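Chemist: Spelled out from the first residue to the last, the chains are:
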Amino acid sequence: MITRLNISGIYVLDQDQALDFYVGKLGLEVDTDADLGFMRWLTVRVPGTDQKVLLERPGQPAMSEETAAEVRAMLTKGAAGGTLFFACDDAYKTHAELKAKGVELTEEPEDRGYGIDFGLRDPFGNNVRIAQLREG
Amino acid sequence: MSRAVEESNRRLLRARDAMDRDYAEPLDVPTLARIAHVSEAHFIRTFRAAFGETPNRYLQRRRVERAMFLLRTTDRSVTDICMDVGFSSLGTFSRVFRDIVGEPPSVYRRRGPLPPVPTCFAMAWLRPSSFGEARRG
Chain Y
1 MITRLNISGI
11 YVLDQDQALD
21 FYVGKLGLEV
31 DTDADLGFMR
41 WLTVRVPGTD
51 QKVLLERPGQ
61 PAMSEETAAE
71 VRAMLTKGAA
81 GGTLFFACDD
91 AYKTHAELKA
101 KGVELTEEPE
111 DRGYGIDFGL
121 RDPFGNNVRI
131 AQLREG
Chain V
1 MSRAVEESNR
11 RLLRARDAMD
21 RDYAEPLDVP
31 TLARIAHVSE
41 AHFIRTFRAA
51 FGETPNRYLQ
61 RRRVERAMFL
71 LRTTDRSVTD
81 ICMDVGFSSL
91 GTFSRVFRDI
101 VGEPPSVYRR
111 RGPLPPVPTC
121 FAMAWLRPSS
131 FGEARRG
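Each protein sequence line maps, in turn, to chains Y and V.
Number 136 marks the last residue of the first sequence (our numbering); no jumps.
Number 137 marks the last residue of the second sequence (our numbering); no jumps.
It should be emphasised that the hints constitute simulated quantities derived from the structure, not laboratory data.
Owing to the predicted nature of the structure, the values given are computational and were not obtained by experimental measurement.
Heads up, a few of these hints could be off.
Straight-line C-alpha distance at most 16 Å; calculated EDC-like pairs for lysine to aspartate or glutamate [to be verified]:
1) Y:77 with V:53
2) Y:93 with Y:108
3) Y:77 with V:6
Here are a few chain V residues that face chain Y, going by a calculated C-beta distance under 10 Å [to be verified]:
4) 6
5) 7
6) 8
7) 16
8) 17
9) 20
10) 21
Every residue, glycine too, gets a C-beta built ideally from N, C-alpha and C.
Work the whole structure out from these sequences, hints included.
Modeler: This is how it looks when you write it as structure tokens:
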């Protein structure tokens, strides 16, 4: 029986740049940053939670250079499929804070019934949503 | 795939995001090309290469998608919705809507309210195809 989602992953073009964005700007924290030799295992999480996001750089030896190039192209076109949905306690305040940090915001906060949410892109093209969810 | 192409894709995506966000504004190619930091001719060519359609067609489809949403979630008139989503002519709106969706706005509205799905995701998914399926249907 599956009990919870432990790790999910997205592709990033540069893991140092990803750290700067997800930790430095969005406020996540590093869970694991380990050089495995064949790859850098880099996961982050929302402070106080245990669900991790793997920030994976597409490339060899997991995939050929040709395939990695296709993944990078899809990623930079916003079509890699990696969407992260975060929750926050105040969408307007969070939006303003991220705007001040120079984050590329794609949509203003809007009440969508289930809550107030807004959108942004990470530096690579991944879609990120942040919502102040309505209780109940 | 070179780094230059990836950076170009990323800039084009920024212009596409602007269309998704500011579709109701009178966006034109010079404005969008400035967002992508390229010339107008280069913008149209590279946008089409990256996303499979011209910027103008992409914007039309976003506006029609928003109109489809409003038709099924509000009581606003077709004329008001036409203006809300960025069309300046009801005739153009009706023609483009029918061309893309395959039926007039008033007929589409009769399908009734949309089911409760996350609307941010629905917006990304529901933009109707630009490849002529409606005309073939």
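Chemist: All hints are to be evaluated individually against the structure, with a verdict given for each.
Modeler: Against the structure, the hints:
Between the alpha carbons of residue 77 of chain Y and residue 53 of chain V the distance comes to roughly 13 Å, so the proposed pair stays at or under 16 Å and holds. A hinted pair counts as satisfied when its Cα atoms are at most 16 Å apart, and residue 93 of chain Y with residue 108 of chain Y qualifies at roughly 12 Å. With a C-alpha separation of about 8 Å, the suggested pairing of residue 77 of chain Y with residue 6 of chain V holds against the 16 Å cut-off. A hinted interface residue such as residue 6 of chain V counts as satisfied when its beta carbon comes closer than 10 Å to some beta carbon of chain Y; here the least separation is about 5 Å, so the hint holds.
Because the beta carbon of residue 7 of chain V sits about 8 Å from the nearest beta carbon in chain Y, less than 10 Å, this interface hint is met. Interface restraint check: residue 8 of chain V against chain Y, minimum CB-CB distance 8 Å, threshold 10 Å, status holds. Interface restraint check for residue 16 of chain V: the shortest CB-CB distance to chain Y comes to about 7 Å, inside 10 Å, so the restraint holds. For residue 17 of chain V, the shortest C-beta to C-beta distance to chain Y is roughly 4 Å, which falls under 10 Å, so the interface hint holds.
The criterion of a C-beta within 10 Å of any C-beta in chain Y is met by residue 20 of chain V, whose closest approach is roughly 7 Å, and the hint holds. Using the Cβ-Cβ criterion of 10 Å, the hint placing residue 21 of chain V at the interface with chain Y is satisfied: the shortest such distance is roughly 6 Å.
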